[in-house]
Structure formats: structure tokens, C-alpha cells
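J.: The listed protein sequences derive, respectively, from chains A and B. Numbering-wise, the numbering used here puts 608 at position 600 of the first sequence, and it's gapless, one number per residue. Numbering-wise, the numbering used here puts 59 at position 63 of the second sequence, and it's gapless, one number per residue.
Negatives, chain A to chain B, calculated, CB over 12 Å:
id: 1; residue: I156
id: 2; residue: P157
id: 3; residue: A164
id: 4; residue: Q168
id: 5; residue: I279
id: 6; residue: G502
id: 7; residue: V765
id: 8; residue: M806
id: 9; residue: T811
id: 10; residue: K819
id: 11; residue: L829
In silico DSSO-like cross-links for lysine-lysine, where the CA-CA straight-line distance does not exceed 27 Å:
id: 12; chain 1: B; residue 1: K32; chain 2: B; residue 2: K58
id: 13; chain 1: B; residue 1: K36; chain 2: A; residue 2: K25
id: 14; chain 1: B; residue 1: K32; chain 2: A; residue 2: K55
id: 15; chain 1: A; residue 1: K55; chain 2: B; residue 2: K36
id: 16; chain 1: A; residue 1: K18; chain 2: B; residue 2: K36
id: 17; chain 1: B; residue 1: K58; chain 2: A; residue 2: K74
id: 18; chain 1: B; residue 1: K47; chain 2: A; residue 2: K74
id: 19; chain 1: A; residue 1: K294; chain 2: A; residue 2: K180
id: 20; chain 1: A; residue 1: K25; chain 2: B; residue 2: K58
id: 21; chain 1: A; residue 1: K54; chain 2: B; residue 2: K36
id: 22; chain 1: A; residue 1: K74; chain 2: B; residue 2: K52
id: 23; chain 1: B; residue 1: K32; chain 2: A; residue 2: K51
id: 24; chain 1: A; residue 1: K74; chain 2: B; residue 2: K36
id: 25; chain 1: B; residue 1: K36; chain 2: A; residue 2: K51
If the Cβ cut is set under 8 Å, some of the chain B residues that face chain A in the computed set are:
id: 26; residue: G22
id: 27; residue: V23
id: 28; residue: S38
id: 29; residue: V39
id: 30; residue: G40
id: 31; residue: Q43
id: 32; residue: S44
id: 33; residue: R66
id: 34; residue: G67
id: 35; residue: R69
id: 36; residue: P70
id: 37; residue: L72
Since the hints were made in silico from the structure, they are not lab data. Quick caveat, the model's predicted, so the values are computed rather than measured. Heads up, the beta-carbon is just placed ideally off N, CA and C, and yes, glycines get one too.
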Amino acid sequence: MSHSSAQPPKLVLRFFKWFCDPGIHRYLEGDLLELFEANSQQKGVKKAQWVFVWEVIRLFRPGIIKNFEGTQKLNYYGMFKNYFKVSMRNILRNKTFSALNVTGLGVGIASCLLIMIYVHNELSYDTYNAKYDRTFRILHNFGSDVEIPADGLLPASELQVWGNAPIAQALKDYFPEVEHVFRFTTSNSFLLEYNGRRFQEEGIAFGDSTFYQIFDWKWIAGNPAVALTRPNTIIISQSVAEKYFGDENPIGKVMLADSQEDYEVTGVYEIPPNSHFDFNALVSMKTFIGYRPIIFESWGYVDFYTYFTVGDNVDIKTMEARIPDFLSNTDNDQEAYTIGFEPLADAYLYSEARRQPGPTGNEDNIYIFISVAAFVLLIACINFMNLSTARSMERAKEVAIRKTIGSGRGSLIFQFLVESQVLTFLSAVIGVLLFWISHPQLEILVDKRLPLDWLLTAGNLAIGMSLVLLLGLVAGVYPAFVLSKFKAVKVLKGAFKNSKDGIWLRRSLVIVQYALSIVLIVGTAVVFDQLQYLRQFDKGFDNEQMLVIDYGWDGKVQRKLEAVKAELGQHSAVESIAASRATPGDFFPNGGTAVKDKNGEWIWTSPGVYEIDEDFIPTYGMEMVTGRHYSSDHPGDSAYSMILNEAAAREFGYTNPLDIIGKDFMQWGREGKVIGVVKDFNYVSLHQGVEPLALRYSTRWSTTKLSLRLKSDNYTQTLTELENIWMTLAPHRPFIAQFSNDNFNRQYETDARFGNVFSIFSGLAIFVACLGLFGLTIYSTTQRQKEIGVRKVLGASMQSLVTMLSKDFIKLFLIAMVFALPVAWYFMNTWLEGFAYRIDMSWQVFAIAAVGTLVISLLTMSFKTVSAALANPVESLRDE
Amino acid sequence: MGKYQLGEFEEIVLLTVGVLYGEAYGVSIKLSIEEKLNRKVSVGALQSALKRLEEKGYLTSKEGESTSERGGRPKLYFTLTPAGKDAIEYAREVRNQLYNQIPKVALDLKLVTA
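The following block holds chain A by itself, in its conformation from the complex:
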């Protein structure tokens, strides 16, 4: 017969040879090959190979498997079984200690998993984009007093993400490396309406049609390539689509925006939760161009975020080097304008640029969370080590007998390691369960979706398994060495009653635990102190009981703004009322602004711009440093006047605000005199100092909000009454109002979340430490039971007994404090540096933390010490 080319899998053959009894291997292999040959001719090679594999698997049975040489392997199996049995018996016999260990390690593992999934999510931002590595964004600098270096490159911290429109096309024209460019604007709110469903929709921006070439958003309906190519088209997120259209297909439907514009829905998308910006809807840029064509040629009008991709293997550094040449080749007319590039990879976690399109992460917080997770695990491991070594006496006899029978030290070590592995695997199961239960809570706490799928890959499961093995090894290796060291003769003679061995190590480990707990408690106290401080900080304006009504850019309301103000102002609870474009805590634009310096030279800068009416400054209780605020008594104010804050005056070169009064200014096509300087107030979060701000007199068309200072005994009723007035004035627009305080404090939500997460995990760490302390107390009191009995008979009081039992730990606590306090001080000082306004860490914080730790540990110990001191001495002294 001709030799067929079909071959059975070599590896399987070799496997078969490995396990098969060599006496019959030759014949069986022959049979298998013959069958394979026949099968591959009848049923095809593929099928034959499967049959072959299946046959070999079924040959793996007693009678065919060879006897493995010698007796070693068999013995291993037997010993293994024994180790497991002994481990299980031990775990079950000492229920208290096993429970303490398993709970501690379980909580530790669950905390680690929770923090891991959070950290992974933070690190995964924007990685869903296929062109992640070659996507960049433009950072801008608009004339300020920063000295621009010769190479034109400013550090990112001096630049802002928010920029102008024409740079996008210019960039694409100049740099051949640039493949695609995409711009979007700041998000606004629109009143969207479809089929009687009308809601004020936040987070709607204008965007270029090129978005799909750079960002890989999940696309649900429509064709992304043409979705935003025409004017008056809108793509909406899935949640918006469900809200307005339910089960209907939204594609091709028309939504009414702000009661005046028709937008055709051309797509439904979903931006992944780990994107550093998000929109509820995106309106085509062509629409915006139609509204305000001039700003698309203005290099000074700032409202755009620009992202671009470059070709493969393009070095961004060489592009950066050409920035000065690039800018001189454009029709840019801005003084001191320059740009920089920032990779998408830096956008969420590492960007120092100002004016971000969405919330950014914090690298330090990630390190802090990882350390806390490590602390919890470390504390749990220490519990395990301490409890195992402390109770080593109970195992001494077993070890001695095993040694006498002939066990070597190596196999004893192995036995104890198996025991710790069994325990850690048990803990891992509990940890995963706890994780499963608490994962939704964590999502609520951090207000983020944390998808689980990445955790469930085969690779991660394998890593998880090996980490659990490693954990068992770390926790078990020291006890294993201690326990296996006992001298059999000594133990069996009975001369071996008490082990002083390892007591120093045990004490040091308790000190470590105490120190970590103190650090965490200090941390929690400082974080909460700082957050409290931020909330109560004198911001330089008063927004208590300030109700803000948001009417967007609603032309119908703007048209009769004066009437609306007057009507609402007549309500008895309204003390004063003001209109403006933004209120503190809101988004506000920056604007190119020039003021003449002392020598009559124009100085250009780009301060933030608040557009306010004449009632704004008094309504918010802001203080004028010098000059006057806007007033209807000065009709010229609306066209020729400007108010600045102190920081802006300084930036224009006037250290004394008095001197800037009456100086010429230019801003957004308006020229006139500076008439007043307002005292610096914190209009953004206290992470930053007060930045320069221009308070421009608004026209009714540039306002979006009404601020009402209320004074009322019954706010619910007042709100209803105000809403009724509103509905008669503007029946087409829902009454959208919130207290300014809530809005302003939203800036601290990230901080508050950080505080919550930090304190919860610190609490868990301290809980685990308490478990360990409790275990040690149980052990030490049991050991001294007789002593306690004798002392009691001789007349010792309960207090003195409890003191005696706690004394040892208090000593350790004091030592721990010496180490912990400086460390805690250092770390929290670093954390506080992220705030422009921060508390001084007072000694009280440390005192509270120290006393807190002491009280917690004394309470923990008292569960056992008190009952030990109360016990009837007869019980412990009777000896039969």
C-alpha cells in the first residue's frame, strides 16, 4: 500500500507513549495507526484525527497506564491527601481562628479586586480607539503674560485644550502627516422636542463630520460616514434615543430644538464609559457654521476642541519643532498665540492643560488606592502569620510525632504551606463573592460604569489563580518554617511548654499593623477635614439660598428678559434677581482682552469672561475693591464699560487696582474704559487659585440664567409659586431651577467620591487589623487563663486585670505611633498640595487619629479581656 500523507497528531502519539504500559504499547499504537489510516480514507483526515485523539483519551485508564517507576509518586499522592485532610480538620477544629483568617483575607482579596477594577478602568481611558497611539489634540495658548520660549513650545500646564476653529484646517493643510481632524464645541443645553416629548437636554455639542475617522464610538443606527455632513443633522446617544423615540426607529425623524430649529436624526451612537469626553448628542458643525460663520475664521474666538490623527511612525516631536513655522504660515492675527500637541494617551490621567472637555482623572489617587489595597492585603497576611505562629504550641505535638515517624523538615514545610493554600483558596472564594456583591455599590460610589468583562478573561483568571497561590505562599512561608523547626525530643518529653520564638517578630508585625491603621485613619481625617474646609470656605461671594433658573439660549425668554425679571422679582420671597451667562460653578468662556498699560501700550491677555447684568454683583454680595459696578443710571455701561477682578488687574500690570480705573480696554468688538475692580472671588473650584476674570456687561441675548436670592420659610411652596409665575411667562419652557450651592459644590464631587472610597477602604483595612488583634487577644488570654484565675483569687479587680491584658498592646501602639505619624504627615501633605486652598494639618487631626486607633483596639480587645476577667476563677483553676 502506498504511504498516505495523513499523519496522526505527533504530540498525542508522544503523550500516548508516555503513559502507556510499555509491554503493550507497540501493539496498541499499531492498532491506533491502522484505524487512523482506515478512518482518514473513509471519513477524511480531519475527522480521523479527532477520532484518534478521542481514542487516545479513552485509553487513559487503569490497566493501560504504565506503573510509574518506584513508589515515590504514589507516596506523594498519599501524603497530599493526608495534608489536605489534616488541613481541613485543623480549619474546622479552630473555627474562631479560621473564621478570623478567612474573613480577613477574604475582605482583603475583595478590596483588591474592587480597587483593581477601578484602577484598570482609570488606566483604560480612550484605549477603545483603534488609532489610540497616533491620535493627538491641539493645546493652545492665547496671549498671556507667559514668556514664549524660542522654540515656541510651552509646557502643557501653560496651555489649554479649548481653542479656536481655523487651526484645524490650517493644521491639515500644513502638515502632510496629519490624516484626519475633528473638532467639537463646548456642550450646551438644548430644549429638544419630539412628538410632544420635550426635555431640556444637557451635554449637546457641535461636531465635525469626521468624528468616525478618529474615534471608534459604538454605532447603533445610521451611517457614520455621512451622519454629520449636512446642516441641521444630529446624532444622538442611545439613552437620548430611548427617551424620545422608545421603540421607534429614530433615523430620519425630525427633532425640534429650542422651539425654533429642526434637526434631522441621522445616527444613534454610544460613547464607551471610559472616554474622557461624552455628549448626549452631537449636532453637525455645518449647522453652527450656518449660525455664526465669522467665528470659523476668527483665531481669537475660543470654543473648540481639536483632535487629529497622524500616519503610522510619525514622530510628533518633529511636528512640534515645526510649530513656529506653521503658525507664521497661517493668517493668525492673535498676539502671543501658540500651540502644542498632546497625545490622546495623556488626555485623561496625565494632562496638565487647562479647560478640559470633560472630567479628568488623578494619577495620585490611583497610587493612593493601590497602596490602600496593598495595605489591606498586607494586614490580612500579617493576621495569618501572627495567628499561626502564636498558636504554634497546639501543633507542636503533631510536628513532633510526624518527625518521629520520619518526616523531613521539607515535607513539614510543605504540609503547612498546603494548609495556608487551602485557607487562602477558601478566602479567595469568599473574596470573590464579596466582590460580586459589592461591585454595584462601588459603581454607585464612584459614579462610573466599571465593566467586569476584562476581569473574566482566561489570562486574568490564570493570573488571579497564581496570585492567590503567591498570597498563600507569602502568608504561610514564615509559619511553615517556625512550625517545622521544633525539636521532636523536647516536645515529646514535655519540656517544651512555651515558645518565646518569634514573639519579637509577632510584636513587630503588630506594630506594622498599628502603624498602617494610624496612617489610614489620619488620611481619612485629613481628607474629610479638607473637604469640609472647601465647602465652608469664604469664596468671596454669597450663594446661600440662591436659586438659579436656567433657560439656555432660549430666544423667547431672552426677548422679554426685563419683564421676566420684573415679574419674578415681585414675589415676596425674592430679595433680588440678576441675569447672567454663567453663575459660579458653571462653564464660562475665555476671551481675548486688551487693556492699555501705564505707557499706553495694549496688553493682550485671555481672562475668563462672565457676562452679567447690573444686578449680578449686588445679588451675589460681591465686593468692589474700587470703582463702581454696572448701573442702569449709566446708559453707556452696556457699550463702553468693563469690570475686572483683582487678578486680571494684576495681569495687566496694575498692582494697585486703583490705577486701572479709567484705562482703555478692547474685548470682543467692544471698546471703552475700565470702571471697576471686583474683589477676587473663587468662581472655580478651590483646587486652583483665582484666575483673571473680566465681568462684561451682558446684553439680553448673551444671558442664559437668572439668579434669585430667596428668603423664605417654606422653600417648597416658594418654588411652586415661582414655577407657576414662570409657566405664565414662558409656557413653552420647563422650569429648570437649582440652588447655586448644589451646583457649585458639584465641582467637589470628584473629591467627595475620592474621600468616600478612601475612607471605606481604610475602614476595611482597620476592620481586618481589628480581626487580627482580636485573634491575638483570644490567644494571649487563653494562655494566661490560670494566671488570671490566681490573680483573681488573690483579689485583683476587673479593671486591673483588663489593664494587665491590654498593656502589651498599648506599648506596641505607642511605638507604632512614632513611625506612623511622620509617614502620614508626609503623604497627606503631598495630597493637600493638589489644592490651592488647603487646611493646615493641625496636631488635633493626629491626636484624634491616635486616640481613635487606641479606642478601637481597646474596644476590640475588651470583647475578650473583659469576659476573661469576669470568668469564675474556679473554672480556670480546677484541674481535673
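Once you've looked at the hints, dock chain B against the given chain A.
T.: Below, chain B without anything else, positioned relative to chain A:
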């Protein structure tokens, strides 16, 4: 019964070895059983049965000549021993006896109800 212990599958294997007289080796036995009894037999199951039967002394094995067909591996031929022959006969006798002891009624009844 205690004298000749035979499982159902073992009995079939033993019978087949007899049927294939002189030509009984792994593959031929497997194919023969698969064909006549219309059931799948794995090499592993068959090999265990053959090994048990040999240990019980019902079969002996002898190495055949190697050919190029089976990757150069020789065949292992099985033949019945006298004890094997006795075992088959005993099994058959027991079955016949049992069959004959079934009352006629039981068999008739079945016909009626069917």
C-alpha cells in the same frame, strides 16, 4: 457461577475472538463487534477487556509479524485457551437453563398483550 466470571462485554469479546479464529487482533476484533452488534467500541475499552481476559487465563496472545502498514508496529493475535472455551460454554449453558425455566405463560402473555 463463581467458577467462570464473565462480564457481558467480556463474553462478547471472548466469542468474537473465537469467531475470528487465528485472525483475532485489536482492530479486527473491534471492527467485527462494531459490525455485528452495531455498537461503538473504543480501543481503550477493548484493550482493558482483552487484558482482563488474559489475566483470567481465557485468552493467550502471540506477537505477529510486523508489516509496513501499521507504522511498522506488529499485531498482537489472541486465541482462546481451553479455559476460555469452558467459560463460553458455561455461560451459554447457564443462559439456556434460565431461558428454559421461564414458564410458558409468561411468554404467551406477552404475545396476548402485544
